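So the chains spell out like this:
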Amino acid sequence: MTANQVAFLLVGGLAALGATGVVACGEKPVRSALCLVLNFFLLGVLYFMLGAELLGIIQVMVYAGAIMVLFLFVVMVLALQSQEAPRHKERRWPLAIVGAIALAATVASVIVTFDPSPFSQPVGDGYGKPQAIGAYLFTEYALPFEVASVLLLVGIVGSVLLARRNA
Amino acid sequence: MDVGHWLEGLGQSNPVALAAIRVVLLVLPILVLVPGLIWLERRLLSWMQDRIGPNRTGTVTFPSNFPLKFLAGKKVRTFGLLQPIADGVKLFLKEDVTPSAIDKLVYFLAPFLALFPAFALGATLPWASTGFMPFTSIPGPYSLLTPVANVEIGILYVLAISSLGAYGLVLAGYASNNKYSLMGGIRASAQLISYELGMGVSLACVALATGSLKMPDMVMQQEAALWGVAEHIQNWFVFTPWGLVSAIVFLICLVAETNRAPFDLPEAENELIAGYHTEYSSMKFAVFFMGEYAAMFLLSGVFAAVFLGGYNLVPVRWEHLADTYPAMAGFYGAMAKLNYWLGPLWFLGKCAGGVAFFIWLRATLPRLRYDQLMSLGWKTLLPLAVANFIVVALYIVFTSLYGPAGGWGAWGGATLVLVLLYLNIAAATRKGPLASPPRRIALVDGTEAPASLREREQVKT
Numbered sequence: 000m001t002a003n004q005v006a007f008l009l010v011g012g013l014a015a016l017g018a019t020g021v022v023a024c025g026e027k028p029v030r031s032a033l034c035l036v037l038n039f040f041l042l043g044v045l046y047f048m049l050g051a052e053l054l055g056i057i058q059v060m061v062y063a064g065a066i067m068v069l070f071l072f073v074v075m076v077l078a079l080q081s082q083e084a085p086r087h088k089e090r091r092w093p094l095a096i097v098g099a100i101a102l103a104a105t106v107a108s109v110i111v112t113f114d115p116s117p118f119s120q121p122v123g124d125g126y127g128k129p130q131a132i133g134a135y136l137f138t139e140y141a142l143p144f145e146v147a148s149v150l151l152l153v154g155i156v157g158s159v160l161l162a163r164r165n166a
Numbered sequence: 000m001d002v003g004h005w006l007e008g009l010g011q012s013n014p015v016a017l018a019a020i021r022v023v024l025l026v027l028p029i030l031v032l033v034p035g036l037i038w039l040e041r042r043l044l045s046w047m048q049d050r051i052g053p054n055r056t057g058t059v060t061f062p063s064n065f066p067l068k069f070l071a072g073k074k075v076r077t078f079g080l081l082q083p084i085a086d087g088v089k090l091f092l093k094e095d096v097t098p099s100a101i102d103k104l105v106y107f108l109a110p111f112l113a114l115f116p117a118f119a120l121g122a123t124l125p126w127a128s129t130g131f132m133p134f135t136s137i138p139g140p141y142s143l144l145t146p147v148a149n150v151e152i153g154i155l156y157v158l159a160i161s162s163l164g165a166y167g168l169v170l171a172g173y174a175s176n177n178k179y180s181l182m183g184g185i186r187a188s189a190q191l192i193s194y195e196l197g198m199g200v201s202l203a204c205v206a207l208a209t210g211s212l213k214m215p216d217m218v219m220q221q222e223a224a225l226w227g228v229a230e231h232i233q234n235w236f237v238f239t240p241w242g243l244v245s246a247i248v249f250l251i252c253l254v255a256e257t258n259r260a261p262f263d264l265p266e267a268e269n270e271l272i273a274g275y276h277t278e279y280s281s282m283k284f285a286v287f288f289m290g291e292y293a294a295m296f297l298l299s300g301v302f303a304a305v306f307l308g309g310y311n312l313v314p315v316r317w318e319h320l321a322d323t324y325p326a327m328a329g330f331y332g333a334m335a336k337l338n339y340w341l342g343p344l345w346f347l348g349k350c351a352g353g354v355a356f357f358i359w360l361r362a363t364l365p366r367l368r369y370d371q372l373m374s375l376g377w378k379t380l381l382p383l384a385v386a387n388f389i390v391v392a393l394y395i396v397f398t399s400l401y402g403p404a405g406g407w408g409a410w411g412g413a414t415l416v417l418v419l420l421y422l423n424i425a426a427a428t429r430k431g432p433l434a435s436p437p438r439r440i441a442l443v444d445g446t447e448a449p450a451s452l453r454e455r456e457q458v459k460t
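Protein chains in written order, with numbering that gives the first Met the number 0: chain A, 0 to 166; chain B, 0 to 460.
By construction, these hints were calculated from the structure, which means they are not laboratory data. Treat the numbers as computed from the prediction; the structure is a model and nothing was measured. Among the hints, a few may not be true.
Stated by the list, open to error - Straight-line C-alpha distance at most 25 Å; calculated DSS-like pairs for lysine-lysine: (1) B:Lys103 - A:Lys27; (2) A:Lys27 - B:Lys178; (3) B:Lys89 - B:Lys73; (4) B:Lys103 - B:Lys178.
Said to hold, decoys possible - Covered stretches of chain B, going by a simulated chain A footprint (3 or more residues, C-beta under 8 Å): (5) 149–157; (6) 161–173.
All residues carry an ideal CB built from backbone N, CA and C; glycine is no exception.
Can you make the complete structure from the sequences, with help from the hints?
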């Protein structure tokens, strides 16, 4: 095993563990959220290891740094009101098994039909650099980018409207 | 340069060792300086508040029969420099109380989550010149030593890591199972999220002007001629109009991000005991404390690098002066070399100056109210930063189209339009003068007060 593989297994394995922890800590919402933070952070590290610096840092900044802090904020405000999280005692085994099989089949189909040849080619000069991604965002993907920002704007205006109506 | 050659060789034969040296050179000074910063804070604060402060620890009085004659009976003062060590020993030896009804894992994790971002912040921060040595075109040894990682995303890294700083405080507040701690944690998360925006946009202005996200590039950009006109003076961003606005916004956000007074609402002692670290004692509290000082120091460094010309002592282009005035080339050349080789010292000095500024703020300003905090962040700093961003963008576009004159024209025009817009908005949303009834002083039974009493009351108000 090369050093790269060891590093990948370590980070990827921890990320997978974190993802599992999100569900496993269902009784304690804050720990669940923490596991998700760990997962997001390590996903950013994985992007770094692939040379996609900008994607990695945005993953850390937006998901681990901003969205999850908001999540925690909400969880904590809820914890202020009631200390006990709702418990789901009933277990839906058939549904869980079907879901697990479907997921496994999807993952397996990707692994089986996986073509590694594009990944063995050397990447271009500006790969993963902010300049390259910025250039794409402002030329080829300008319209989707703007549509996404309009969507966000609509979301903000909508939430303000909803909050106003209740007040 | 022997050290330079050795480092170069090491970089080729063993890059991991070189990286480790870079990390040690960043982290060690912070670890060593934190006690010094605590001493600085206590002494400076006491001086500003007209008190004496800790000035005794470390003062030694030698007995009159001391063997060394010149010391016998003398008092050696150290101005309380050993106070931080005494503080450290005290914290270390204090009883380590752990509350019983806590979330154990999260409780012990939180201090380290607060410390980690504080130390990781500086990884892209250049503390010395990464460019050529003066009067040569050879990169100097400093370019191998700093920053720890010269990645393309330099300044974004600082933003990302400083946003992770919220976790330590939030989780400490949650895990302590104390309502005051929880309030502190909630305040911390709300405050950090709010001020990150202004911080990000004000840094975006600088990134736009530099055309790079790398922090060494940002410092090098500031070594150009001032406003593209004054050739002997460096273009520190704080001297440019847009840079000044950015710097002010960034500085305020910096204070809020580090939870320092007047933005220390998460640990407001007269409302929340000690906020998020109420339930932390002994070394666990010390870890929070240390994280705060390390973050303060490193963020001052970021401010220095982004706005204050980084490792340059004064905004003078010595090399250019030496080229222009050959008669004085010896002096200017020596200054250029001094500026280059002692760069780390100048940078440390700027960091310490930043910390002193934080302390000054703490001594001067009362704590903000929560609604004032939110409205400052969202209604003042963020719009100001965004307006500044638009102005910078226009300035850059017009400079590239019509040269410096076009750029400054666009800058003036855009500023004028924005100011007018602001005045209009302010006028449209201004509330009229409060319609309060004229003051009237009446006695208990409703009759008017006698004139003498009224006069006295007026004098008082």
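A quick look at each hint next to the structure:
1. B:Lys103 - A:Lys27: With a Cα-Cα distance of about 12 Å, the restraint between lysine 103 of chain B and lysine 27 of chain A holds, given a limit of 25 Å.
2. A:Lys27 - B:Lys178: 18 Å, holds
3. B:Lys89 - B:Lys73: Violated, at roughly 28 Å.
4. B:Lys103 - B:Lys178: 17 Å, holds
5. 149–157: holds (count 5)
6. 161–173: Contact hint for the stretch 161–173 of chain B vs chain A: holds, 8 residues under 8 Å.
Consistency note: the structure conflicts with earlier hint 3 alone.
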